[in-house]
Amino acid sequence: MIVRYLKAKVLVFAVFFIGISTGILITNFYTTRVASAPDTASSRVQRAERDINKFYDYLGLNLSQREQMRKIGEDCRREFRQLRAENKPKFDAIREASRTKIRALLDNEQEKKYEEFRRKVDERRKNQDSDDFYRDGGGPRLD
Numbered sequence: 012m013i014v015r016y017l018k019a020k021v022l023v024f025a026v027f028f029i030g031i032s033t034g035i036l037i038t039n040f041y042t043t044r045v046a047s048a049p050d051t052a053s054s055r056v057q058r059a060e061r062d063i064n065k066f067y068d069y070l071g072l073n074l075s076q077r078e079q080m081r082k083i084g085e086d087c088r089r090e091f092r093q094l095r096a097e098n099k100p101k102f103d104a105i106r107e108a109s110r111t112k113i114r115a116l117l118d119n120e121q122e123k124k125y126e127e128f129r130r131k132v133d134e135r136r137k138n139q140d141s142d143d144f145y146r147d148g149g150g151p152r153l154d
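Under my numbering, the residue at position 49 of the sequence shown is numbered 60, and the numbers go up by one with no gaps.
Note that these hints are calculated values from the structure, not bench results. From a predicted model like this one, the values you see are computed outputs, not experimental measurements. From the three backbone atoms N, C-alpha and C, an ideal C-beta is built for every residue, glycine too. Please note: incorrect hints may appear among the correct ones.
So the derived label-pair ranges between C-beta atoms look like this [unchecked claim]:
| no. | residue 1 | residue 2 | range |
| --- | --- | --- | --- |
| 1 | Lys-124 | Ala-96 | 30 to 38 Å |
| 2 | Glu-85 | Lys-112 | 39 to 47 Å |
| 3 | Lys-123 | Lys-65 | 13 to 21 Å |
| 4 | Thr-38 | Leu-17 | 28 to 36 Å |
| 5 | Leu-74 | Thr-38 | 35 to 43 Å |
| 6 | Gln-121 | Asn-98 | 26 to 34 Å |
| 7 | Glu-134 | Ala-96 | 16 to 24 Å |
| 8 | Lys-137 | Arg-81 | 24 to 32 Å |
| 9 | Glu-134 | Gln-76 | 41 to 49 Å |
| 10 | Arg-106 | Gly-71 | 25 to 33 Å |
Turn these sequences into a full structure, and let the hints guide you.
And the structure:
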């Protein structure tokens with residue numbers, strides 16, 4: 012009788028322990044993989060900061076060197092932004108000329124499909140550009 016009672020207690024304890032452990036694992040999985048917010052600018056900022064600090068630690072940089080590295084990265088980003096701004100009109104002109112040539116090849120039905128395709132691609136590109144943390148000059152990226 013006592014043995015049965017003891018076995019029942021152990022079994023009940025084991026079931027509760029397994030249930031709690033499973034609940035913790037599922038909750039952890041859900042919060043890290045399923046419910047986590049999509050990649051936002053702030054999470055990219057945090058991840059970039061973490062990664063660059065790991066890089067600085069790996070190199071063994073002191074505070075002065077870290078600040079100099081950040082300054083170099085900022086200067087580099089500024090120069091890239093300036094170069095991008097200077098060349099954007101040229102790229103846009105080439106892009107528009109090629110699109111005009113493509114449109115000349117297409118019949119009406121194909122051109123409608125092409126315009127729809129271009130609209131979607133351009134919209135996606137615009138959304139990427141407006142959400143691109145590094146393109147806007149933020150973050151500790153070193154190029």
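Against the structure, the hints come out as follows:
no., hint, result
1, Lys-124 / Ala-96: 30 to 38 Å, "holds (33 Å)"
2, Glu-85 / Lys-112: 39 to 47 Å, "holds (40 Å)"
3, Lys-123 / Lys-65: 13 to 21 Å, "violated (50 Å)"
4, Thr-38 / Leu-17: 28 to 36 Å, "holds (32 Å)"
5, Leu-74 / Thr-38: 35 to 43 Å, "holds (39 Å)"
6, Gln-121 / Asn-98: 26 to 34 Å, "holds (31 Å)"
7, Glu-134 / Ala-96: 16 to 24 Å, "holds (22 Å)"
8, Lys-137 / Arg-81: 24 to 32 Å, "holds (30 Å)"
9, Glu-134 / Gln-76: 41 to 49 Å, "holds (43 Å)"
10, Arg-106 / Gly-71: 25 to 33 Å, "violated (45 Å)"
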